[in-house]
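2 protein chains.
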Amino acid sequence: LQFEVQIIGSNSAVAEHGRYPTSQVVSIHDKVYLVDCGEGTQLRLKHFKVKRSRIQRIFISHLHGDHYFGLIGLLTTFHLLQRTSPLTIYGPVDLQRVIELQLSLGSTNLHYPLHFVATDPDKFQLVFEDEDVQVFSLPLIHRINTTGFVFKEKVLPRKINKSAVEGMQLTPENYQDLREGKDICSADGQHHQNARLTLSGHVPRSYAFISDTLFHPELSAIISGADLLYHEATFMNEHAGRAKETFHSTSKQAAEMAKLAGVKKLLLGHFSSKYHDLEPLLEEARSVFPASYIAREGEIFQV
Amino acid sequence: LQFEVQIIGSNSAVAEHGRYPTSQVVSIHDKVYLVDCGEGTQLRLKHFKVKRSRIQRIFISHLHGDHYFGLIGLLTTFHLLQRTSPLTIYGPVDLQRVIELQLSLGSTNLHYPLHFVATDPDKFQLVFEDEDVQVFSLPLIHRINTTGFVFKEKVLPRKINKSAVEGMQLTPENYQDLREGKDICSADGQHHQNARLTLSGHVPRSYAFISDTLFHPELSAIISGADLLYHEATFMNEHAGRAKETFHSTSKQAAEMAKLAGVKKLLLGHFSSKYHDLEPLLEEARSVFPASYIAREGEIFQV
Chain R
83 LQFEVQIIGS
93 NSAVAEHGRY
103 PTSQVVSIHD
113 KVYLVDCGEG
123 TQLRLKHFKV
133 KRSRIQRIFI
143 SHLHGDHYFG
153 LIGLLTTFHL
163 LQRTSPLTIY
173 GPVDLQRVIE
183 LQLSLGSTNL
193 HYPLHFVATD
203 PDKFQLVFED
213 EDVQVFSLPL
223 IHRINTTGFV
233 FKEKVLPRKI
243 NKSAVEGMQL
253 TPENYQDLRE
263 GKDICSADGQ
273 HHQNARLTLS
283 GHVPRSYAFI
293 SDTLFHPELS
303 AIISGADLLY
313 HEATFMNEHA
323 GRAKETFHST
333 SKQAAEMAKL
343 AGVKKLLLGH
353 FSSKYHDLEP
363 LLEEARSVFP
373 ASYIAREGEI
383 FQV
Chain X
83 LQFEVQIIGS
93 NSAVAEHGRY
103 PTSQVVSIHD
113 KVYLVDCGEG
123 TQLRLKHFKV
133 KRSRIQRIFI
143 SHLHGDHYFG
153 LIGLLTTFHL
163 LQRTSPLTIY
173 GPVDLQRVIE
183 LQLSLGSTNL
193 HYPLHFVATD
203 PDKFQLVFED
213 EDVQVFSLPL
223 IHRINTTGFV
233 FKEKVLPRKI
243 NKSAVEGMQL
253 TPENYQDLRE
263 GKDICSADGQ
273 HHQNARLTLS
283 GHVPRSYAFI
293 SDTLFHPELS
303 AIISGADLLY
313 HEATFMNEHA
323 GRAKETFHST
333 SKQAAEMAKL
343 AGVKKLLLGH
353 FSSKYHDLEP
363 LLEEARSVFP
373 ASYIAREGEI
383 FQV
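One line per chain: the protein sequences are R and X, in this order. Position in the first sequence counted from 1, then plus 82, gives you this note's numbering. Position in the second sequence counted from 1, then plus 82, gives you this note's numbering.
By construction, these hints were calculated from the structure, which means they are not laboratory data. Only a predicted model underlies this, so the values are computations on that prediction, with no experimental measurement involved. Among these hints, one or two may not hold up.
The list cannot tell twin chains apart, which means a pair is met if one copy fits it or any two copies do.
[Said to hold, decoys possible] With a Cα cut of at most 25 angstroms, we get these calculated SDA-like pairs of lysine to any residue:
(1) 131 to 100
(2) 326 to 191
(3) 347 to 364
(4) 133 to 356
(5) 234 to 216
(6) 128 to 379
For reference, chain R alone in the conformation it holds in the complex:
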């Protein structure tokens, strides 16, 4: 079952060195989520052949331009392309004001329903749930209200082992119990252990998106055990002072967070334009947490 993250933009502040401001596509069980949407994201999505029309939900971390200035353009393009399927945006409460003001000044009555769900900058909170996934927002520490997001796969029903149940006479209730992991009692009064008649689903996976934030160890509890952690790494350790001043993290701190939280894999992103070559940031992180990777644009990471 698909659970992957494609990096669309990985730079901070402005586009530079061929890198673009923050944006990612998270694909879970054939559903497509967009996370952050810096200027030019709609073109980068096209460039990477992402089917933009499949995006149904957009998550915005905060209202600094490099995380949302491309949103109004994408929404307008959906309109121009005659989109009719609904779209929901999860983000800071004021995002709705900006978007609605711009749509209204352009006299644009969208062809599709657009919904807003305000994130709470102070709480870890479930913001979306369907049969496959739960998405939580979580407070970060930045110059303005900012949240990260955690995508958690749900525990999936067990699968009936067709060859094991062959010839057995089972009721619909029996099947339902089996899928839910329960043992059953068949029509002939016999007890059957669940594990002998079903195949395990997979272990649910999770992805944590952390951008932008001051390093604060308490965060590790919330994202603990994530299979994949994206963590901003705006600066190198030599600029730790500058990172603190601007409420950002260093590559080393991102790695420390990965270690503290016991995640499986770390993606570094949101790079300052002062770094043309990203290898030193990677080395710095790997010295603390070996399973670190650069969030290179276009690349797809499995969760």
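Given chain R, put chain X in place with the hints provided.
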């Protein structure tokens, strides 16, 4: 003396076929003006090696996204690049609301003074003037309030012909009169015709920027005699109905306007994404007005 227009974006609505939404750089006597600023303009400026920091005044025609969604990103980038020199924006009155809302939600206190001058959507009006140029806004007919802009070079002082005045004893007042085109009377009581002692400056030139508008012949009086006319040509004549419906013009209508207004040269732009190949639009215009050209991105046109 420099007076030229560089095309930064020439497409309508969305970026397509390698073309970007509307933006132009008008350079007059070493001053740099930006006209319209669709999404991604800041990157296109960089791509074409335009020194963005030299832009002092930005003119926005209307609040459809393909003409201004890139503005907030450019303004923020100026801030991040530590700009301190003032910037003035001329455009619809509501533009200030959008920009100030976005700056305030991002807690961005610009390092440089930003001024807004509201254009009047109903009047032909002087909006800016310095020693070299006058810029006028003029009402267009579109789905929302929209103005075009006319850049007019001022009549420049005549130049003293050094070899002609050699040996003459002239007062500072005499020189001033000569520069202003007046005849003078020298200390010995002799009358001198201005033309014999000065060299002509050049004939003042003008550039008219017309985007987006329904074709309306009355416009020709206002832009009459422009050296260079940029006129939107969203559609071809076969889609004249669609042009009318969306308050746009066809390539043929742009050419008719150029003819009516007696301009020297016509630039076609704001192309619908339905046209990959622009040659047919050019041919259509040239059949009416031979001095027609495609506003190709990156190209510089002399006024």
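Exercise. Is it within a copy, between copies, both, or neither that the alpha carbon of residue 128 lies no farther than 25 angstroms from that of residue 379?
Worked result: Intra 13 angstroms, inter 20 angstroms, cutoff 25 angstroms: intra and inter.
Exercise. Under a CA distance limit of 25 angstroms, which applies to residue 234 and residue 216: within one copy, between copies, both, or neither?
Worked result: within (5 angstroms within a copy, 60 angstroms between copies)
Problem set entry | Copy assignment of residue 347 with residue 364, given that the CA separation must stay at most 25 angstroms | within (13 angstroms within a copy, 55 angstroms between copies)
Problem set entry | Copy assignment of residue 131 with residue 100, given that the CA separation must stay at most 25 angstroms | Both, since 18 angstroms and 15 angstroms are each at most 25 angstroms.
Exercise. Between the shortest in-copy and the shortest cross-copy C-alpha distance, which are at most 25 angstroms for residue 133 and residue 356: within, between, both, or neither?
Worked result: between (32 angstroms within a copy, 19 angstroms between copies)
Problem set entry | Alpha-carbon proximity context of residue 326 and residue 191, limit 25 angstroms | between (43 angstroms within a copy, 19 angstroms between copies)
The structure is consistent with each of the numbered hints, conforming to all of them.
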